[in-house]
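Asks: The primary structure of each chain is shown beneath.
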Amino acid sequence: ELIKGQGRGCLLKEIHLNVTDLGLGYRTKEELIFRYCSGPCYDSETNYDKILNNLTQNKKLGKESPSQTCCRPIAFDDDLSFLDDSLEYHTLKKHSAKKCACV
Amino acid sequence: PALARENNCLNAAKACNLNDTCKKYRSAYISPCTSRVSTAEVCNKRKCHKALRQFFDKVPARHSYGMLYCSCPPGDQSACSERRRQTIVPACSYEDKEKPNCLALQVSCKSNYICRSRLADFFSNCQPEPRSLSGCLKESYADCLLSYSGLIGTVMTPNYLRSPKISVSPFCDCSNSGNSKEDCERFTEFFTDNACLRNAIQAFGNGTDVSVWHSAPV
Chain A
1 ELIKGQGRGC
11 LLKEIHLNVT
21 DLGLGYRTKE
31 ELIFRYCSGP
41 CYDSETNYDK
51 ILNNLTQNKK
61 LGKESPSQTC
71 CRPIAFDDDL
81 SFLDDSLEYH
91 TLKKHSAKKC
101 ACV
Chain B
1 PALARENNCL
11 NAAKACNLND
21 TCKKYRSAYI
31 SPCTSRVSTA
41 EVCNKRKCHK
51 ALRQFFDKVP
61 ARHSYGMLYC
71 SCPPGDQSAC
81 SERRRQTIVP
91 ACSYEDKEKP
101 NCLALQVSCK
111 SNYICRSRLA
121 DFFSNCQPEP
131 RSLSGCLKES
141 YADCLLSYSG
151 LIGTVMTPNY
161 LRSPKISVSP
171 FCDCSNSGNS
181 KEDCERFTEF
191 FTDNACLRNA
201 IQAFGNGTDV
211 SVWHSAPV
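One line per chain: the protein sequences are A and B, in this order.
Under the numbering used here, read the first sequence as residues 1 to 103, first letter to last.
Under the numbering used here, read the second sequence as residues 1 to 218, first letter to last.
Please note that the accuracy of each hint is not assured.
Lysine-lysine pairs mimicking BS3-like chemistry, simulated, CA-CA at most 25 Å apart [said to hold, decoys possible]:
no. : chain 1 : residue 1 : chain 2 : residue 2
1   : B       : K99       : B       : K47
2   : A       : K50       : A       : K29
3   : A       : K29       : A       : K13
4   : A       : K99       : B       : K24
5   : A       : K93       : B       : K47
6   : B       : K45       : B       : K110
7   : B       : K47       : A       : K94
8   : B       : K58       : B       : K24
9   : B       : K14       : A       : K94
10  : B       : K14       : B       : K24
11  : A       : K98       : B       : K58
12  : A       : K93       : B       : K50
It is worth saying that the hints were derived from the structure and are not from the lab.
Take the sequences, apply the hints, and build the full model.
Replies: Structure, rendered in structure tokens:
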């Protein structure tokens, strides 16, 4: 059953990566499963979103274009620790999604 | 140049982070074991030990033993062995400002009920017996490995020594033993030069002992 506002297309996906693929500057040979949220959010649009859409199209807001509904994490995965090449430990927090929703 | 060899300890760490349970409990001990709490203390040792005990309690042996008992090429003193030594975050869980006498450490272990019972299990399950094929009096490598890993997170926390062959010890020595020097050396040799424990660790590392999977925590 879909949680209200979740959106049918917005899903949790995962990919197996090297820690170095994250581009955070660590030198290590360790790996991880990175989970992310992806997919469209048309289903969960509110009147607010429809109004914003109309106002931007009719250029009533000038040059502004406020953000639309987005498929984003609403909970994060557990922390990840790894040992780097100089034998130092690092712990990443809030690096990977656990639950997604259109927000 | 030497051939690039498989680093079993690195492979075990990779496998751990790809498993949700192992990943969770690994970072749950690495965090407290690497967080500085004050200018004087590198970490909260009590929290580090507790989280280490949880890791070995909750994580399937396939993963926890995989990291603790991974095998390294003989004579390897770098990538593989150093990673194995780092498994328990020795800077926090093992090393201390002063190295106590081993018999004094044993007395302090006996004043704690977890440590007392785990040390007794270790002495009973890793008792060497030169006449048996396994090298152990109780011919179960699984029981010996379980009781050795049970010491991790107590004041008797053992770790690998930087030595060409597999040798482990708690953080203590036999200086200032007085007339108990022999007793003290008997105690340390049960860790550093124990054929039963060494065979058990090697059999796990080489994957030659299948029985471990059945009796270890799942």
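Asks: If a hint holds in the structure, say so; if it doesn't, say that too.
Replies: Status of the hints after comparison with the structure:
A threshold of 25 Å between alpha carbons decides the hint, and for K99 of chain B with K47 of chain B the separation of about 21 Å falls inside it, so the pair holds. With a CA separation close to 47 Å, the supplied pair K50 of chain A and K29 of chain A exceeds the 25 Å bound. With a CA separation close to 23 Å, the supplied pair K29 of chain A and K13 of chain A stays within the 25 Å bound. Under the criterion of a C-alpha separation no larger than 25 Å, the hint pairing K99 of chain A with K24 of chain B is consistent with the structure, at around 17 Å.
At most 25 Å may separate the alpha-carbon atoms for a hinted pair to count; K93 of chain A and K47 of chain B meet this at roughly 19 Å. Among the hinted pairs, K45 of chain B with K110 of chain B is consistent with the structure: their alpha-carbon atoms are about 19 Å apart, no more than 25 Å. Our distance criterion of 25 Å between C-alpha atoms is met by K47 of chain B and K94 of chain A, whose separation comes to about 22 Å. Taking the CA atoms of K58 of chain B and K24 of chain B, the gap is about 10 Å. The hint holds against a cut of 25 Å.
Taking the CA atoms of K14 of chain B and K94 of chain A, the gap is about 20 Å. The hint holds against a cut of 25 Å. This hinted pair checks out: K14 of chain B and K24 of chain B have alpha carbons roughly 13 Å apart, not beyond 25 Å. Between the alpha carbons of K98 of chain A and K58 of chain B the distance comes to roughly 21 Å, so the proposed pair stays at or under 25 Å and holds. Pair hint K93 of chain A plus K50 of chain B holds up; C-alpha atoms about 21 Å apart against a cutoff of 25 Å.
Checked against the numbered hints listed earlier, the structure breaks hint 2 alone; every other hint is satisfied.
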